[in-house]
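J.: Okay, here's what each chain looks like letter by letter:
4 protein chains.
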Amino acid sequence: MTEFVNDANFKELVMDTSIENRNDEGPMTLENFTKLMVQFYDLGWMRGSGGAMGCISGNELMISPSALQKERIEKQDVFVYDISQKTEVQRPANKRIAVSSCSVLFSLIMKETGSECVIHTHSKSANFITQLIKGDTFEISHQEYIKGIYDPFSGKALKYSDTLTIPIIENMPSESQLLEPIRGVLENHPQAIAVLVRNHGLFVWGPTWESTKIMTECIDYLLELAIEMEKMSIPLVKEGGFEKEDNLSEKMRTLLFSGVASV
Amino acid sequence: MTEFVNDANFKELVMDTSIENRNDEGPMTLENFTKLMVQFYDLGWMRGSGGAMGCISGNELMISPSALQKERIEKQDVFVYDISQKTEVQRPANKRIAVSSCSVLFSLIMKETGSECVIHTHSKSANFITQLIKGDTFEISHQEYIKGIYDPFSGKALKYSDTLTIPIIENMPSESQLLEPIRGVLENHPQAIAVLVRNHGLFVWGPTWESTKIMTECIDYLLELAIEMEKMSIPLVKEGGFEKEDNLSEKMRTLLFSGVASV
Amino acid sequence: MTEFVNDANFKELVMDTSIENRNDEGPMTLENFTKLMVQFYDLGWMRGSGGAMGCISGNELMISPSALQKERIEKQDVFVYDISQKTEVQRPANKRIAVSSCSVLFSLIMKETGSECVIHTHSKSANFITQLIKGDTFEISHQEYIKGIYDPFSGKALKYSDTLTIPIIENMPSESQLLEPIRGVLENHPQAIAVLVRNHGLFVWGPTWESTKIMTECIDYLLELAIEMEKMSIPLVKEGGFEKEDNLSEKMRTLLFSGVASV
Amino acid sequence: MTEFVNDANFKELVMDTSIENRNDEGPMTLENFTKLMVQFYDLGWMRGSGGAMGCISGNELMISPSALQKERIEKQDVFVYDISQKTEVQRPANKRIAVSSCSVLFSLIMKETGSECVIHTHSKSANFITQLIKGDTFEISHQEYIKGIYDPFSGKALKYSDTLTIPIIENMPSESQLLEPIRGVLENHPQAIAVLVRNHGLFVWGPTWESTKIMTECIDYLLELAIEMEKMSIPLVKEGGFEKEDNLSEKMRTLLFSGVASV
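Residue numbers (our numbering), protein chains in the order written: chain U, 1 to 263; chain C, 1 to 263; chain Z, 1 to 263; chain G, 1 to 263.
Keep in mind that the hints are not guaranteed to be accurate.
If several chains are the same, the list does not tell them apart, and a pair holds so long as it fits within one copy or across any two.
What the hints assert, rightly or not - Straight-line distance between alpha carbons at most 30 Å, and here's what the computed BS3-like set of lysine-lysine pairs gives:
no.	residue 1	residue 2
1	75	35
2	231	134
3	238	134
4	156	75
5	95	156
6	238	111
7	35	95
8	111	231
9	86	159
10	231	11
11	95	159
12	11	95
13	35	86
14	159	134
15	238	35
16	11	75
17	156	238
18	231	86
Source of the hints: derived by calculation from the structure; they are not laboratory data.
With the hints as extra help, turn the sequences into a complete structure.
T.: Here is the structure:
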């Protein structure tokens, strides 16, 4: 595998230093990164060494390692890159350990959306909902947790009666082959803050690690609920749903950076 | 948003100092408050920054912050108000953090019922049961956990064969718009100690934080069980249920304060 | 409520000092007792202050308190009785706290069976299976976890192809009213090591706290599995099941004390 | 029971000292062994004293004890054997405690496949899937977690579109009677890295403890998912599945030792 420092999207990734600190708690640290891995494992998102997280913290980009048990990684197991210098700051001592194969997807999403964090889960609900819904989008409306989702175009949270739309793409033999489908999602669904990969899992991105984690929890809840609704033939989208805005011409990044989702 | 100290119901909230200490363990502390947030997160009640708690401790009212990850809040993140002086005793240093939007619901419920604690959960069972039951009340009888529910009119726990009734109200775009529907519940269902909000969650209130937490757990269990019963077409209410009392003229607060539910 | 030290069965409870120590780990301690309460809460057995445990340790009988949150009780909250002297050794300082209303059931079961431990759970599976099975016994065969159940008549574990039979009794308004139905179970089902109470929960007893806890976990697993089997119309009892022994004349206590179940 | 040091397969077990260290984290330790037991209990794999693990660490073979509560075992409760000397290095002080009855299955699997670790779980999904699938194999394809499974013949991970095949054998009254059926699996399904035992549980083996644990988690996820798929009549194997290789003549052990599975 090519070194991640040579990844095309990582090379073009720049920090917008004009933006003030938007973290509620503070920038990601290596200690917090590893604690979140434990929490995500306990939530069922990262079993069997699956799942990944990428997070910008100051001038550094932290990405989880591949193939290691996520609930057991320690600070020195996290890959760290300098965004300005495009150098590798830290990597595990064991040379067999590679950076997450999602790394190239994270750099694409971060570059295109201005997101500071991407969380990739292998939750069973994310997988199973894509088997119940044959089409290429998951949609749900009139749910309180929809208010936990950020709209990058308005810079505000979605409303209760809005329709949350999450594109579904087909899985590919390798993560790197998801690059073009995800690029397609970013182009065709500029309001998306997440994508489902059929028979695989979920990617969620947002302006901060806090908002990305919160949105991932909101979406996971909605997916679990939607599975129960599907089983009982309860429609996911109710009447009176969100009329999608047509004014999508504004620079997405600026918008995405302008607010934080909250419930 | 108007400052909570100017909230009409908070302004009218008075402590009945004639009542002796009714806590089994002792008054709520900030340390216990944050530990309970972790526990409620683990129970699935407060994922994605959702859910909230308000609790009177001595002369202070503690309320959880909005939008923060509930399992991560620390003592300094809790909003604390002086009930006698109607002042803000403590708030998070980060000025972007607001008090829970449920705060105005908590003050209403506390003022009207004399409750010292209100817990608001986003448990999936509380949400899903409101999609299975189309009407405006959830009712269940002949369940041991009904004995964990306090009847504010008798001052005692409900009996096994009683019918527990929890009103269901429709969700609204914002929490503050739930104020009038909840006021309606308190007027029309004076025996209620909880209300379900469709596609949203659950509010439970009681004389102490201990009894409120216990009742919330009992109700959550009954909701999960009721979902399984509904799926199998097992009636929730059995014959021989509780004849509701008609003598509701007594002052609810006095009654609510006179005992603690137990299982 | 009458003091437990005056309970008829407790008064007749005697320690068989001729029996050697049968604990795998060692006698129950107050510290272990409270840690097990936390574990049982986490397993979903003791939510909402429900559930209880009674355990003989040396010459003392320890019983959990009523109405307190089981995951939060501390060593001083456990009721301790001297079995020889028939005195109360310890009780919570708060005089409003009573011993578990199951205490009178525990003393009956211990006296009649020679068990040293009784665990009472409120697990949802124990409740729901009694709604799926209308009759008065739960039966399952050909399951590995049946080997975790102790047969007090043979002094050995059941076999894989044996039929485990757990009587089901109807719930009553108060725990004390379960005394006669449980007495009936002990007389009519002398091989029983557990009883289900409809819409309520489960009681399990055994020669040591270790074996009782293990059997409770095995039964809880079997109940959860049986619910899934019932939903899919898979028979719980397969052909080739256990022929119940007719030779039940031996002294049950001696037998119950003669071995420890294992998986 | 015969002493395990006299077990035929253990006697023939030899360490291939020419193989370099393949552990990602390092060899198994007694401390890690007991911590993993707690984790496996929490995952629902080792309730009611069920489940077991055997693991080679350097020149030692560690095996969990029988009948003890798996989440409570301590370092001194683990049985340790010297592989070169064929001696017992450590055993619990309590002579009533025996080594896991799976020990003879572990030595067989290790000898035949060169695996360094075998994990035996009692997860409900492993049990229930064998009741839904009447045949003698569990098969699933087109799932991301299939990439977490190691193919001992190619020395690489399976591909997304491969069909994972896990043989199902019938349960027997005692673990030792599973010896011949498992021997049959190893002969007839040389690519297998796991076997399901009907109404009982799952055995998984692999080149290291890390890869075995990861594969067990991947399989457990796939089994839980498959149960949901079966309930909704979604086929487990999709078109375009793996054409099984016919070239199985190479020495399995060498191959199994040549790589580590990763997701």
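J.: Hint by hint, note whether the structure agrees.
T.: Okay, the hints, checked on the actual structure:
1. 75 x 35: This pair counts as both: shortest intra-copy Cα distance 10 Å, inter-copy 20 Å.
2. 231 x 134: both (14 Å within a copy, 17 Å between copies)
3. 238 x 134: both (19 Å within a copy, 14 Å between copies)
4. 156 x 75: between (34 Å within a copy, 28 Å between copies)
5. 95 x 156: Answer is between; shortest inter-copy Cα gap is 18 Å, intra-copy 43 Å.
6. 238 x 111: Close neither inside one copy (35 Å) nor across copies (36 Å); limit 30 Å.
7. 35 x 95: Result: close both inside a copy and across copies, 23 Å intra and 27 Å inter.
8. 111 x 231: neither (38 Å within a copy, 42 Å between copies)
9. 86 x 159: neither (39 Å within a copy, 32 Å between copies)
10. 231 x 11: Neither: 46 Å inside a copy, 47 Å across copies.
11. 95 x 159: Cα proximity of residue 95 and residue 159: across copies only (23 Å, versus 47 Å in one copy).
12. 11 x 95: Classified as within: same-chain Cα gap 23 Å, cross-chain 36 Å, threshold 30 Å.
13. 35 x 86: within (26 Å within a copy, 39 Å between copies)
14. 159 x 134: both (26 Å within a copy, 23 Å between copies)
15. 238 x 35: For residue 238 and residue 35, the Cα distance exceeds 30 Å both inside one copy (38 Å) and across copies (37 Å).
16. 11 x 75: Within one copy only: 25 Å inside a chain, 42 Å across chains, cut-off 30 Å.
17. 156 x 238: within (22 Å within a copy, 41 Å between copies)
18. 231 x 86: This pair counts as neither: shortest intra-copy Cα distance 48 Å, inter-copy 50 Å.
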